[in-house]
Amino acid sequence: NAGVTQTPKFQVLKTGQSMTLQCAQDMNHEYMSWYRQDPGMGLRLIHYSVGAGITDQGEVPNGYNVSRSTTEDFPLRLLSAAPSQTSVYFCASRLKLNTEAFFGQGTRLTVV
Amino acid sequence: GENVEQHPSTLSVQEGDSAVIKCTYSDSASNYFPWYKQELGKGPQLIIDIRSNVGEKKDQRIAVTLNKTAKHFSLHITETQPEDSAVYFCAASRDGGFKTIFGAGTRLFVKA
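Protein chains in written order, with the working numbering: chain Y, 35 to 146; chain A, 786 to 897.
Read the hints as simulated data drawn from the structure, not as lab findings. Check each hint, because a few of them may be wrong.
[Stated by the list, open to error] Here are the simulated BS3-like cross-link-like pairs (lysine-lysine), alpha carbons at most 25 Å apart as the crow flies:
id, chain 1, residue 1, chain 2, residue 2
1, A, K827, A, K853
2, A, K896, Y, K43
3, A, K807, A, K853
4, A, K896, A, K884
5, A, K856, A, K827
6, A, K843, A, K853
7, A, K842, A, K807
8, A, K827, A, K896
9, Y, K130, A, K853
10, A, K843, A, K822
11, A, K884, Y, K130
12, A, K843, Y, K130
13, A, K853, A, K842
14, A, K896, A, K856
15, A, K884, A, K807
16, A, K896, Y, K130
17, A, K842, A, K856
18, Y, K43, A, K843
19, A, K896, A, K853
20, Y, K130, A, K842
21, A, K807, A, K856
22, A, K822, A, K807
23, A, K827, Y, K130
24, A, K896, A, K822
25, A, K822, Y, K43
26, A, K807, A, K896
27, A, K827, A, K807
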């Protein structure tokens with residue numbers, strides 16, 4: 035039982051480069067989210083999805099895109115990386131909103 | 786907008802002592818309050834949660850209390866052990882909403 039799988043675990047990008055952070059879950063959860071974690075700021079919601087084909091913005095969506103073509107996958111795309119996007123990124127999934135969130139192991143991204 | 790304030794940001798206790806972390810939420814419609822523990826290099830993991838129809842919930846050495854009138858909820862850890870050392874996050878969400886709001890986190894150190 036894999037749960038929520040995020041790849042890669044570490045990534046270094048140059049300013050202006052683009053990349054996709056992958057997230058997959060095998061629990062048939064409808065709700066998936068992306069968070070960024072910065073020191074002293076907790077977990078801030080970037081984008082979320084309530085089901086395949088449905089996505090919406092969270093608190094800090096600028097510079098990021100998402101799509102949800104299948105229930106299992108919810109990739110996060112950085113369009114043109116900036117140093118301000120240096121952070122640890124977590125993907126999470128839930129059966130329903132007001133239930134336990136299952137988090138991936140995180141992706142530590144550094145933009146130089 | 787909705788927010789969750791968490792205190793203290795850092796807490797250091799002696800092994801065997803109790804630890805208390807407090808959170809205040811702003812959205813009076815919130816009705817689900819989970820607590821997550823994050824160990825170094827890992828994603829957050831649910832340790833206990835409470836819904837607004839109860840005032841207290843216990844699970845071995847961990848308990849959560851909820852005061853809906855004051856919009857406060859707290860995590861209590863008794864007989865702390867070194868393996869309790871981690872970052873703890875409180876969170877709040879509500880039926881019909883699509884977002885979970887997290888507190889900024891508390892770094893707990895348990896000294897042996």
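How the hints compare with the structure:
no.	hint	result
1	A:K827 with A:K853	32 Å, violated
2	A:K896 with Y:K43	30 Å, violated
3	A:K807 with A:K853	13 Å, holds
4	A:K896 with A:K884	36 Å, violated
5	A:K856 with A:K827	30 Å, violated
6	A:K843 with A:K853	18 Å, holds
7	A:K842 with A:K807	15 Å, holds
8	A:K827 with A:K896	21 Å, holds
9	Y:K130 with A:K853	23 Å, holds
10	A:K843 with A:K822	16 Å, holds
11	A:K884 with Y:K130	11 Å, holds
12	A:K843 with Y:K130	23 Å, holds
13	A:K853 with A:K842	14 Å, holds
14	A:K896 with A:K856	31 Å, violated
15	A:K884 with A:K807	21 Å, holds
16	A:K896 with Y:K130	38 Å, violated
17	A:K842 with A:K856	16 Å, holds
18	Y:K43 with A:K843	35 Å, violated
19	A:K896 with A:K853	33 Å, violated
20	Y:K130 with A:K842	21 Å, holds
21	A:K807 with A:K856	11 Å, holds
22	A:K822 with A:K807	14 Å, holds
23	A:K827 with Y:K130	23 Å, holds
24	A:K896 with A:K822	18 Å, holds
25	A:K822 with Y:K43	20 Å, holds
26	A:K807 with A:K896	21 Å, holds
27	A:K827 with A:K807	23 Å, holds
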